[in-house]
Every structure is written in structure tokens, then in C-alpha cells.
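Whole structure, please, built from the sequences with the hints as guidance.
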Amino acid sequence: MEKQELIPHLFRTEYRKIVSVLCRRFGFDQMETAEDITSDTFLAAAQTWSFHGVPPNPTAWLYNVAKNKAKNHLQRNTVFESKVLPEVQISHSKFHELDIDLSPQNINDSQLQMMFAICHPAIPPEAQIGLSLRILCGFGIDEIAEAFLTNKETINKRLFRAKEKIRNEKLKIELPNPAEIDERLENVLTTIYLLFSEGYYSVSQNQTLRKDLCFEAMRLCNMLIENTSTNKPPVNALLSLMCFHASRFEARLSENGEHILYDDQDVSLWNADLISKGAYFLKCAATGNILSKYHIEASIAYWSTQKNDTKEKWENVLQLYNRLLQVAYSPIAALNRTFALSKANSKAEAIVEAEKLKLTDNQFYFTLLGELYTGIDQEKAKSNFEMALSLARTPTDKQAIQKKLDQLQQQCLLSKGKHS
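Just so you know, the sequence shown maps onto residues 1 to 420 in the working numbering.
There may be inaccurate statements among the hints.
[As the list claims (entries may be wrong)] DMTMM-like, lysine to aspartate or glutamate: derived pairs with alpha carbons at most 20 Å apart:
1) LYS170 - GLU35
2) LYS232 - GLU186
3) LYS380 - ASP406
4) LYS71 - GLU32
5) LYS211 - ASP142
6) LYS277 - GLU312
7) LYS347 - ASP264
8) LYS358 - GLU315
9) LYS152 - GLU32
10) LYS283 - GLU226
11) LYS232 - ASP109
12) LYS172 - GLU183
13) LYS380 - GLU349
14) LYS69 - GLU35
15) LYS211 - GLU258
16) LYS157 - ASP142
17) LYS382 - ASP361
18) LYS69 - ASP40
19) LYS67 - GLU126
20) LYS403 - ASP264
21) LYS403 - ASP263
22) LYS398 - GLU198
23) LYS163 - GLU174
24) LYS157 - ASP309
25) LYS398 - GLU255
26) LYS232 - ASP264
27) LYS71 - GLU35
28) LYS307 - GLU250
29) LYS152 - ASP36
30) LYS293 - GLU315
31) LYS343 - ASP264
[Said to hold, decoys possible] Using C-beta positions, here's what the derived DEER-type ranges look like:
32) GLU255 - GLU379: 26 to 34 Å
33) ALA328 - ALA279: 18 to 26 Å
34) ALA60 - ASP263: 49 to 57 Å
35) TYR329 - GLU153: 50 to 58 Å
36) GLU183 - LYS358: 15 to 23 Å
37) LYS356 - GLU153: 35 to 43 Å
38) ASP406 - GLU183: 48 to 56 Å
39) LYS283 - THR154: 41 to 49 Å
40) ASP264 - LYS311: 14 to 22 Å
Keep in mind the hints are simulated off the structure, nothing from the lab. Because the structure is a prediction, the values reported are computed rather than measured. Cβ coordinates follow ideal geometry from the N, Cα and C atoms, glycine included.
What follows is the structure, encoded as C-alpha cells:
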């Protein structure tokens, strides 16, 4: 890949690192200042590099400019002059210690601490993932707005209110004490889980799958595992779950970007390395006496990577879904359970359970019923697929459902031909 093609990825990667370090240096309440300095740094890069070319070490260039801009800010900032400067003047030599540490270790520590600060209970849940996308992942406001299916103004207001809450609560960028880590960790994992879920089934940028969001979630989760104080069983279980799902990325989409259902996927495209990593992290998660929803979902995802379509496989999946609904009930989990039920027992039994859910505003509900009725009642299969088509939100979903309708129509014509 040419160096010029790497610039957008470089900017996003280094943006999140520099913002996290500067926030930690200035204080969480000066997040906007950290963002402004970082944005100015990348603006300077865009202007300079367009005339003089990309420097031999672009990352070092960005860090050096960011450091200088941050130092200039500290020197002219009124807060610095009124509160810090008098103390510094006592010993002039201390002034040179006020540096911006952009070492790899400090970058990792800053991002980890920022993750816990963003997921503080005082910050509204809907703002936590927005701030995570912005600060920890380097996503622009436009991208966040698309991910939430809303406009830039709404996202800006949401982030502004979150930052106001940060200032009012005087939140600090630091890891909670050991007694609080488990409580705060739940919010952190929820944010990572939602980030991965948005990427795994995306409705933004007309994409069914956004690998960039998924891999960002995996990166954040891996950071938790690399720190001894946050390397907990649920964290390993979540990373295991994401590895198993990511292993089937290449099989989930056709060359035209259409969504390929599980039964129709080419198993030769499944990533064996990610499946192996998923199994490793699932084994790491099997310590202690905590059974989180991530443990169960990871176990379900494990069975989804087993190529043999056996009754034993689906009986295990069905039992895991039964347990999941006890631990953390959700309508979508209940819907997915009916698919496992159709495989383990019968389509007829699954139809009865599925129709009890009455998820009449969900396209997947009607898509599943269409699948279940196929071969049993073609008219009902057709009507359910048509309902799913009317609720589909992306072009790729509509194409996949229309393909099912076309196949169903073809089956009906062949059946009529045989009986004529």
C-alpha cells in the first residue's frame, strides 16, 4: 500500500492516542482543548504534507507538533499562569518537567483510563458510546451520526451535554480503585459490545458489515486484557465472542455486498486463526465463579464455528440460549433461540415459539418466519418475506430478502409444473 493511502488510517489511529494523552495531561474537563490541539495538529499535517510530501516518519512528526502545540497552550493558558506558574517559578528547573509524554506505555495507560472515565455512571449511556467512538476510536462527527442514524447536530448536542457533565462532576482520568473496577467494568464492556454490534450489523454508510467498528471494539477489549487489573473473565469472554463472530466476516457478505445467511455461508472462508483465538480467550474466561452473558454468547458463537450441522450441535446451542434468556433476556436472543429450536427439534415447533414473540416491527422476525414456513406453507412464507422486505433498512438487506422471494416463487412454479 502506498504511503499516501495510509494517511487516513494514520490520522484516525494517532488522533485517538494524542487526544487520550492530552486529556490525561490537561484534565478530563478540558477534553475540548485536547481535541482542538489534536485537530490543529492534523490540519497542519494536511497543509504541510500536501506541499512538501509525507515525512519519512509521519507518526513522529505528528507527535512532535502535538507536543509543541500543547506546550504553547500550557504556557499561555490563564489557568496555567494563575495556578501553576507561581509554583513552577519557585524552582525554574521544574518547568522543563512539564512535558507531554507520548511514549507507547503512556498512550496505552491514557486510553485505558479514558475508557473508564468515559464509562462513568454519571455520563448517560447513549453518550458513552458516542464519546468512545470520538475519543477512543478517532471517528468523526459525521461517522458517529451515521452509526446512530441521526444528524450531526444531535450528536454534537449529545457530546456537548456529556462534556458538561464531565466538567460539573469534575471526573478524573484514572482507573477506579480495585473495589470499583468490577462495577465500572460492566459499563465499559457494554459500550464495547454495542460498538461491535453496530459494526456487525450496520445500517450506516449502506453497509451491512462495518469491520472498522468491529476491530475497534476488539482493540479496546484487548487493551483491558493486557492490563492485570482489568483482565477479568467477562473481558476474555467478550473478546472470545468477538473473535468467533469476526472469523465469519468474509463469509457473511457476497461479492456484491449482499448479506449471506448462516446456512448459505461458504465455510472455507471462515478464519481458522480467529476461531483458534476465540477458543483460547474462552478458555481464559473459564476461571472464577462469574457467569456473564458474554460467557454464554461466546459459547453459542463457538458452536456456530463448528462446520458439522449435527443434532448435538443444535441441542447444545438451544440449551445455551435457554440459559442466556435466564441470565439476560432480550427479544432478539429469544428470536435467535427459535432458529436453534428449528434445527434441534422441528420447524413446526419453532414457528409456534417464534409467533409468540410478536416482534412485528422487526425485519428479522419476519425473515425467520419466512424461512421457517418455507416448505411447510409457501403462502405464509411469501407473506412473511414481504413483510420483512417492507421493514428492511438497507439496500443489501432488501436484496437478500428479494432473493429469498424470487427463490420461493421459483419453487412454487416448479411445484405447479410437476402437478400440472
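Hints and how they fare:
no.: 1; hint: LYS170 - GLU35; in the structure: holds, 18 Å
no.: 2; hint: LYS232 - GLU186; in the structure: holds, 11 Å
no.: 3; hint: LYS380 - ASP406; in the structure: holds, 15 Å
no.: 4; hint: LYS71 - GLU32; in the structure: holds, 16 Å
no.: 5; hint: LYS211 - ASP142; in the structure: holds, 17 Å
no.: 6; hint: LYS277 - GLU312; in the structure: violated, 23 Å
no.: 7; hint: LYS347 - ASP264; in the structure: holds, 18 Å
no.: 8; hint: LYS358 - GLU315; in the structure: violated, 24 Å
no.: 9; hint: LYS152 - GLU32; in the structure: holds, 17 Å
no.: 10; hint: LYS283 - GLU226; in the structure: holds, 16 Å
no.: 11; hint: LYS232 - ASP109; in the structure: holds, 17 Å
no.: 12; hint: LYS172 - GLU183; in the structure: holds, 17 Å
no.: 13; hint: LYS380 - GLU349; in the structure: holds, 16 Å
no.: 14; hint: LYS69 - GLU35; in the structure: holds, 12 Å
no.: 15; hint: LYS211 - GLU258; in the structure: holds, 15 Å
no.: 16; hint: LYS157 - ASP142; in the structure: holds, 13 Å
no.: 17; hint: LYS382 - ASP361; in the structure: holds, 17 Å
no.: 18; hint: LYS69 - ASP40; in the structure: holds, 8 Å
no.: 19; hint: LYS67 - GLU126; in the structure: violated, 32 Å
no.: 20; hint: LYS403 - ASP264; in the structure: holds, 13 Å
no.: 21; hint: LYS403 - ASP263; in the structure: holds, 15 Å
no.: 22; hint: LYS398 - GLU198; in the structure: holds, 19 Å
no.: 23; hint: LYS163 - GLU174; in the structure: holds, 17 Å
no.: 24; hint: LYS157 - ASP309; in the structure: violated, 49 Å
no.: 25; hint: LYS398 - GLU255; in the structure: holds, 16 Å
no.: 26; hint: LYS232 - ASP264; in the structure: violated, 36 Å
no.: 27; hint: LYS71 - GLU35; in the structure: holds, 15 Å
no.: 28; hint: LYS307 - GLU250; in the structure: holds, 15 Å
no.: 29; hint: LYS152 - ASP36; in the structure: holds, 18 Å
no.: 30; hint: LYS293 - GLU315; in the structure: holds, 19 Å
no.: 31; hint: LYS343 - ASP264; in the structure: holds, 15 Å
no.: 32; hint: GLU255 - GLU379: 26 to 34 Å; in the structure: holds, 33 Å
no.: 33; hint: ALA328 - ALA279: 18 to 26 Å; in the structure: holds, 23 Å
no.: 34; hint: ALA60 - ASP263: 49 to 57 Å; in the structure: holds, 50 Å
no.: 35; hint: TYR329 - GLU153: 50 to 58 Å; in the structure: violated, 35 Å
no.: 36; hint: GLU183 - LYS358: 15 to 23 Å; in the structure: violated, 35 Å
no.: 37; hint: LYS356 - GLU153: 35 to 43 Å; in the structure: holds, 41 Å
no.: 38; hint: ASP406 - GLU183: 48 to 56 Å; in the structure: holds, 51 Å
no.: 39; hint: LYS283 - THR154: 41 to 49 Å; in the structure: holds, 42 Å
no.: 40; hint: ASP264 - LYS311: 14 to 22 Å; in the structure: holds, 20 Å
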